[in-house]
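Q: Sequence:
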Amino acid sequence: MPAENHLLRALHECYAEINGTQRYIMRCIFDREEFMRFDSTVGEFRALTAMGRPFAESWNSQKDYMERRRAEVDTVCRHNYELNQAFTVKRQVQPKVHVSPSKKVSLKHHDLLVCHTTDFYPGSIGVRWFRNGQEETAGVVSTNLIRNGDWTFQILVMLEMTPQPGDVYTCHVEHPSLQSPVTVEWKVGSDSARNKTLTGVCGLVLGLLFLAVGITMQLKRKKGSTFHGVHQLRQSTN
Numbered sequence: 001m002p003a004e005n006h007l008l009r010a011l012h013e014c015y016a017e018i019n020g021t022q023r024y025i026m027r028c029i030f031d032r033e034e035f036m037r038f039d040s041t042v043g044e045f046r047a048l049t050a051m052g053r054p055f056a057e058s059w060n061s062q063k064d065y066m067e068r069r070r071a072e073v074d075t076v077c078r079h080n081y082e083l084n085q086a087f088t089v090k091r092q093v094q095p096k097v098h099v100s101p102s103k104k105v106s107l108k109h110h111d112l113l114v115c116h117t118t119d120f121y122p123g124s125i126g127v128r129w130f131r132n133g134q135e136e137t138a139g140v141v142s143t144n145l146i147r148n149g150d151w152t153f154q155i156l157v158m159l160e161m162t163p164q165p166g167d168v169y170t171c172h173v174e175h176p177s178l179q180s181p182v183t184v185e186w187k188v189g190s191d192s193a194r195n196k197t198l199t200g201v202c203g204l205v206l207g208l209l210f211l212a213v214g215i216t217m218q219l220k221r222k223k224g225s226t227f228h229g230v231h232q233l234r235q236s237t238n
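Residue numbers (full-length UniProt numbering): 1 to 238.
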C-alpha cells in the first residue's frame with residue numbers, strides 16, 4: 001500500500017486597515033481545511049475544528065512563543081508596510097486627459113463627446129462635464145474603471161450633446177495626484193476648423209508639387225529643343 005500524502009501549511013497575512021492600524025493573521029491548514037488561526041486582534045490561537053483544539057491549547061500555553069507571535073504585527077506587518085508604502089499606498093501618477101467627439105460633428109444633431117482619462121493611479125477619480133460653464137448631469141455615461149495592466153487605470157466618460165454654434169464643452173478631472181483639477185475644452189466647430197486648415201495646407205503642398213513638376217518638364221523641353229537646333233546647325237555646316 002502506498003503511503004498517504006498530506007499537506008500542512010501555515011499562511012501569514014498582513015492587513016492595513018482604513019484607520020491606519022495593522023492586523024496580522026496566521027492560518028494553519030491541513031489538507032485544504034483550516035483547523036486553527038491566530039489573529040493579532042484576538043491575541044491567541046483559536047481552534048476552528050476538533051483537530052485544532054489540542055494545538056491551540058499547547059501553543060497558547062507557551063509564553064515566549066506567544067510573545068513573538070503577538071509581535072509579528074509590528075516586526076512583520078507594520079515594518080513591511082512602512083518599507084513598501086512609497087510604491088503602493090503613497091504611489092501617485094497624474095492622469096492624461098483627451099476630449100474628442102465619437103464621430104464627425106454635425107450641428108444640431110445628437111452626438112457623443114468622449115473624455116478619455118488614462119494612465120492614472122490610484123483609481124479614485126472624479127470626471128465631470130460642463131457646457132458653457134454649467135455642469136451637465138443628464139446624458140452622462142461612464143465606463144467602469146479599467147485596469148491598464150501596469151498599475152495604472154483609465155476611464156471613459158461620455159456626454160450626449162446636441163452641438164450649437166459657439167458652445168464650449170469642458171471635461172473637468174479631479175485626482176489625488178493633482179494639486180488642482182485638469183480641464184480640457186472642446187469648442188463646437190474646432191474640428192471642422194482644423195480640417196479646413198489641414199485641407200488648405202494639403203492644397204498648398206500639392207500646388208507647389210505640381211508647379212515644381214511643370215517647371216521641370218518645361219526645362220527638359222527647352223533643353224531638348226536647344227540640343228536639336230545645335231545638331232541641325234552642325235549638319236548644315238558639314
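Derived by calculation from the structure, the hints in this document are not laboratory data.
Any given hint could be a false lead.
[Stated by the list, open to error] Label pairs and their computed distance ranges (CB to CB):
1. Ile29 with Phe130: 48 to 56 Å
2. Glu4 with Arg53: 18 to 26 Å
3. Asn148 with Thr21: 26 to 34 Å
4. His98 with Ala138: 20 to 28 Å
5. Leu112 with Phe30: 19 to 27 Å
6. Leu7 with Glu67: 53 to 61 Å
7. Lys103 with Leu7: 57 to 65 Å
8. Lys103 with His79: 49 to 57 Å
9. Thr162 with Thr21: 47 to 55 Å
These numbers come from a predicted model, not from an experiment.
Cβ coordinates follow ideal geometry from the N, Cα and C atoms, glycine included.
Q: None of the hints should be skipped; say for each whether it holds.
A: Hint-by-hint comparison with the structure:
no., hint, verdict
1, Ile29 with Phe130: 48 to 56 Å, "54 Å, holds"
2, Glu4 with Arg53: 18 to 26 Å, "23 Å, holds"
3, Asn148 with Thr21: 26 to 34 Å, "31 Å, holds"
4, His98 with Ala138: 20 to 28 Å, "23 Å, holds"
5, Leu112 with Phe30: 19 to 27 Å, "57 Å, violated"
6, Leu7 with Glu67: 53 to 61 Å, "29 Å, violated"
7, Lys103 with Leu7: 57 to 65 Å, "58 Å, holds"
8, Lys103 with His79: 49 to 57 Å, "55 Å, holds"
9, Thr162 with Thr21: 47 to 55 Å, "52 Å, holds"
Hints 5 and 6 from the earlier list are contradicted by this structure; the remaining hints agree with it.
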